[in-house]
Structures are given as structure tokens and as C-alpha cells.
Amino acid sequence: AVKGNYLKVVQILLVKGVNVNTKDRSGYTPLDYAFSDKMKKLLKKAGGKSGKK
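Quick note: the sequence shown, position 53, residue 102 per my numbering, numbers continuous.
Hints in this document: simulated from the structure, not taken from any laboratory.
Be careful, since some hints might not be right.
In the SDA-like style, the derived pairs of lysine to any residue whose C-alpha atoms are separated by at most 25 Å in a straight line are [claimed, not checked]:
#	residue 1	residue 2
1	K52	V64
2	K65	G96
3	K57	K87
4	K90	Q60
5	K65	A95
6	K102	T71
7	K57	K102
8	K65	K102
9	K94	V67
10	K101	G66
11	K102	L91
12	K72	S99
13	K52	T78
14	K90	K101
With the hints as constraints, model all of the structure from the sequences given.
If you want it as C-alpha cells, here you go:
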């Protein structure tokens, strides 16, 4: 949902309690894949952090 920039879907997932800091096999979190400022702001507000080192 983050890669597709689906803000509404991400909002619903956050309300449902998904872990905003789940990492993929490469160690990246949803925030690392966010490209729009609105998505980044939404994820950061929910406690999202980068998995990049």
C-alpha cells in the first residue's frame, strides 16, 4: 500500500494496528518505501522509523 501511495489503505491498516516498523528481507520499513511527503508524514506520525543504516 505504501509503494502504491494508497493513503486511505495505509490509514485503515494503521487503525487496525499493523506494525508500522515491520522490516522486509532487505531490512527496509514502510517509511523507506514512502515517496510522497503525505505518506512519510502519516507513517512518522504513527511511529514509523527507517530501517536503513
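Verification of the supplied hints:
{"no.": "1", "hint": "K52 with V64", "result": "holds (19 Å)"}
{"no.": "2", "hint": "K65 with G96", "result": "holds (15 Å)"}
{"no.": "3", "hint": "K57 with K87", "result": "holds (11 Å)"}
{"no.": "4", "hint": "K90 with Q60", "result": "holds (12 Å)"}
{"no.": "5", "hint": "K65 with A95", "result": "holds (12 Å)"}
{"no.": "6", "hint": "K102 with T71", "result": "holds (15 Å)"}
{"no.": "7", "hint": "K57 with K102", "result": "violated (29 Å)"}
{"no.": "8", "hint": "K65 with K102", "result": "violated (28 Å)"}
{"no.": "9", "hint": "K94 with V67", "result": "holds (14 Å)"}
{"no.": "10", "hint": "K101 with G66", "result": "holds (23 Å)"}
{"no.": "11", "hint": "K102 with L91", "result": "holds (21 Å)"}
{"no.": "12", "hint": "K72 with S99", "result": "holds (9 Å)"}
{"no.": "13", "hint": "K52 with T78", "result": "holds (11 Å)"}
{"no.": "14", "hint": "K90 with K101", "result": "holds (17 Å)"}
Violated hints for the displayed structure, listed by number in ascending order: 7 and 8.
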